[in-house]
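I would like the entire structure built from these sequences, with the hints used as guidance.
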Amino acid sequence: MEACGIDVMALEKTCGMPYYNGKNTVSYVGLILFNVDE
0 MEACGIDVMA LEKTCGMPYY NGKNTVSYVG LILFNVDE
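Take 0 as the starting number for the sequence shown in numbering that gives the first Met the number 0 and just add one per residue.
Note that these hints are calculated values from the structure, not bench results.
These figures come from a predicted structure and were not determined experimentally.
There could be a bad hint or two in this list.
Result set (SDA-like, lysine to any residue): computed pairs, CA atoms no more than 25 Å apart in a straight line [said to hold, decoys possible]: (1) Lys22 with Glu1; (2) Lys22 with Val35; (3) Lys22 with Asp6; (4) Lys12 with Asp36; (5) Lys12 with Ser26.
Here it is in structure tokens:
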């Protein structure tokens, strides 16, 4: 997502999601885009 210019940390803050989940952890964020017109 960051490669597309989306600020992941700001997005997670806005949604109320924790970005840092503790020591020795890895967090992944994904995004699914779709077109409802088709």
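For each hint, the structure was consulted:
1. Lys22 with Glu1: This hinted pair holds, its Cα atoms lying about 23 Å apart.
2. Lys22 with Val35: Not satisfied, since the Cα-Cα distance of roughly 40 Å exceeds 25 Å.
3. Lys22 with Asp6: 22 Å, holds
4. Lys12 with Asp36: 30 Å, violated
5. Lys12 with Ser26: 14 Å, holds
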